[in-house]
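Following the hints, complete the assembly by docking chain B onto the known chain A.
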Amino acid sequence: MHAIEIRGLSKEYSVGFWKKKLRPALKSLDLTVEEGEAFGFLGPNGAGKTTTLKILMGIILPTSGSATILGKDFRDPDIKVKIGFLPEQPYFYDYLSAPELLDYYLQLSGVEAAERSKKIGPVLDRVGLSDVGNKQLRKFSKGMLQRVGIAQAIIHDPEVVFLDEPMSGLDPLGRHEVRELIQGLKDEGKTVFFSTHILSDAEALCDRVAVIHKGELRGIGVVNDLRSSSAEKSEVIWEGAQALPAVKDLLSESHITGKTVRAVVNSADLDRTLERLRQQHARLVSVTPLHGTLEDYFLAKTTEQEVVNQ
Amino acid sequence: MTSRLSAITLNTFREAVRDRVLYNLIIFVLLLVASAPLFGQISIGLERLILVNVGLSSISLFGVIIAIFVGIGLVSKEIEKKTLYTILSHPVRRWEFIVGKYCGLLLTLVVNTALMTVGFYIALLATAHSLHRTDALLLVAIYFIILQLMIMVALTLLFSAFSSPIFSAIFAFALFVIGTFGEDLKNFAAMSQGATKWLSLGVAYIVPNFASLNIISQAAHDQPVTGGLVLMNTLYALLYSVAVTTAAVLIFERRNLK
Numbered sequence: 001m002h003a004i005e006i007r008g009l010s011k012e013y014s015v016g017f018w019k020k021k022l023r024p025a026l027k028s029l030d031l032t033v034e035e036g037e038a039f040g041f042l043g044p045n046g047a048g049k050t051t052t053l054k055i056l057m058g059i060i061l062p063t064s065g066s067a068t069i070l071g072k073d074f075r076d077p078d079i080k081v082k083i084g085f086l087p088e089q090p091y092f093y094d095y096l097s098a099p100e101l102l103d104y105y106l107q108l109s110g111v112e113a114a115e116r117s118k119k120i121g122p123v124l125d126r127v128g129l130s131d132v133g134n135k136q137l138r139k140f141s142k143g144m145l146q147r148v149g150i151a152q153a154i155i156h157d158p159e160v161v162f163l164d165e166p167m168s169g170l171d172p173l174g175r176h177e178v179r180e181l182i183q184g185l186k187d188e189g190k191t192v193f194f195s196t197h198i199l200s201d202a203e204a205l206c207d208r209v210a211v212i213h214k215g216e217l218r219g220i221g222v223v224n225d226l227r228s229s230s231a232e233k234s235e236v237i238w239e240g241a242q243a244l245p246a247v248k249d250l251l252s253e254s255h256i257t258g259k260t261v262r263a264v265v266n267s268a269d270l271d272r273t274l275e276r277l278r279q280q281h282a283r284l285v286s287v288t289p290l291h292g293t294l295e296d297y298f299l300a301k302t303t304e305q306e307v308v309n310q
Numbered sequence: 001m002t003s004r005l006s007a008i009t010l011n012t013f014r015e016a017v018r019d020r021v022l023y024n025l026i027i028f029v030l031l032l033v034a035s036a037p038l039f040g041q042i043s044i045g046l047e048r049l050i051l052v053n054v055g056l057s058s059i060s061l062f063g064v065i066i067a068i069f070v071g072i073g074l075v076s077k078e079i080e081k082k083t084l085y086t087i088l089s090h091p092v093r094r095w096e097f098i099v100g101k102y103c104g105l106l107l108t109l110v111v112n113t114a115l116m117t118v119g120f121y122i123a124l125l126a127t128a129h130s131l132h133r134t135d136a137l138l139l140v141a142i143y144f145i146i147l148q149l150m151i152m153v154a155l156t157l158l159f160s161a162f163s164s165p166i167f168s169a170i171f172a173f174a175l176f177v178i179g180t181f182g183e184d185l186k187n188f189a190a191m192s193q194g195a196t197k198w199l200s201l202g203v204a205y206i207v208p209n210f211a212s213l214n215i216i217s218q219a220a221h222d223q224p225v226t227g228g229l230v231l232m233n234t235l236y237a238l239l240y241s242v243a244v245t246t247a248a249v250l251i252f253e254r255r256n257l258k
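Chains as they are written, first to last, in the working numbering: chain A, 1 to 310; chain B, 1 to 258.
With the rest of the complex left out, here is chain A (with noise of 0.2 Å):
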């Protein structure tokens, strides 16, 4: 059974006054995330992440398609005790104080209240927010809530933790604490399905991740395997400045430093290039294939329809 499993989702959204205009804001969306898994649901702004979402939360409907969460419908309120969901920039009733907040998302989970008060402390103590007491959250800053939040989303222990932007609003000692604690989660075997554009921390922690630009899927995958499939360039450097009329369009840039030219070449045209290189007496001094990142698969992905239309 998989996690979460979504086929042909689409959203549309009808705009303008007089003449309505449908403008699409998923387009046939299909995604499977194993249990387990920490995936990573990558996008620039307005790419279709939040708005995937809330269609699973049943915030807003879907204009056709279906999904499943641990294999029921995503529309079953049933299975919402199995999930726990943190909204981008979320906002809270700020008349509550932390406890009582907590305390009133566990009685619409449906916990009994003798649990309810065993949960509270605890989940607290692991988003870092023990010492709070009963101070409104009016009072709170943004990290704070971000880190209410959090709470929310896992003190029911649910399965499956949808987080959109977790980091969003976090000091540095903020984004690092978020990722230990999404960390742990995955350890614990839950399924963590998390929105971002922050590379680095989808990078760290994910293992599949998929990138979606203006509501499309434009790729998907294990993370070290998408990093590899964009590196596919070597640097080169040899000694010998003459030399580099001869390869000069063999080459995606060069630097000459002195005597020495540092040199980047596509793994295609890097036989070719040495073999030139030979042929005009220069000494090499190395080659080093260059490792893509996530960065570089993003913007391959997300760049690449743009490119086509062009």
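Source of the hints: derived by calculation from the structure; they are not laboratory data. Please note that the accuracy of each hint is not assured.
Only pairs whose alpha carbons sit at most 25 Å apart, straight line, appear in this in silico DSS-like list of lysine-lysine [to be verified]:
{"hint": "1", "chain 1": "B", "residue 1": "Lys-82", "chain 2": "A", "residue 2": "Lys-214"}
{"hint": "2", "chain 1": "A", "residue 1": "Lys-135", "chain 2": "B", "residue 2": "Lys-258"}
{"hint": "3", "chain 1": "A", "residue 1": "Lys-214", "chain 2": "B", "residue 2": "Lys-258"}
{"hint": "4", "chain 1": "A", "residue 1": "Lys-142", "chain 2": "B", "residue 2": "Lys-258"}
{"hint": "5", "chain 1": "A", "residue 1": "Lys-139", "chain 2": "B", "residue 2": "Lys-77"}
{"hint": "6", "chain 1": "A", "residue 1": "Lys-27", "chain 2": "B", "residue 2": "Lys-258"}
All of these numbers come straight from a predicted model, not from anything done at the bench.
Relative to chain A, chain B alone:
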């Protein structure tokens, strides 16, 4: 289901209790009721009549004002501030949210009305120096005010489910005014002919009949209220509130909460 409904109800009540605007209104009403004996001094021999009229009208008016001002934000504020996102990510049905909100605001208004009633009876005691058996009849008028508030909460919730707070306030207040003059609309229909007659009659029956729920003048003159009227008004308020709340649920079920 029950625990979720009671959680939403009690949280809505808690929100209203922690809202300072609500306290200001209560203090204002208590002051108004407390100052009623001064009106009596102006009109010698009519102290009780004036006190009952001013007191009960204040309880009704301020109940309606609180119903409108709190009710219009009941759903729209939750959407605007996105507090609803985390609520709906829990096993809460959309209808439970609407019904819980309805019960929470009604509970707030019942508690407010009860507090105002206490203030009103204290003022009555201060004016007449003793309470009479006929003063118990005033409780029927207050019960009818609560029935009126039941309908007002349902209406503001309905408007809040699809409209902005400002339009919700305008719609709700307009319906309150039209409903208060519902009997006049029926009289106008009786005197009219053709389309005007049917239109006036239609509107008179569709808008809530607040006129039959207003027995303040009757109560002030110690005129008895029949058990039949109490029963019919109770049934009317219940059915009207259920119908309007159902409409609010149907609209809310289909809404994209962007």
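Quick rundown of the hints versus the structure:
About 24 Å separates the Cα atoms of Lys-82(B) and Lys-214(A), which keeps this hinted pair within 25 Å; it holds. Only pairs whose Cα atoms come within 25 Å are accepted, and Lys-135(A) paired with Lys-258(B) is rejected, the gap being roughly 30 Å. Restraint check: the Cα-Cα separation between Lys-214(A) and Lys-258(B) comes to about 18 Å, which is no more than 25 Å; the hinted pair holds. Between the alpha carbons of Lys-142(A) and Lys-258(B) the distance comes to roughly 22 Å, so the proposed pair stays at or under 25 Å and holds.
Note on Lys-139(A) and Lys-77(B): the hinted pairing holds, with a Cα-Cα distance of about 20 Å set against a maximum of 25 Å. A C-alpha spacing of about 18 Å is found between Lys-27(A) and Lys-258(B), which places the hinted pair at or below 25 Å, so the restraint holds.
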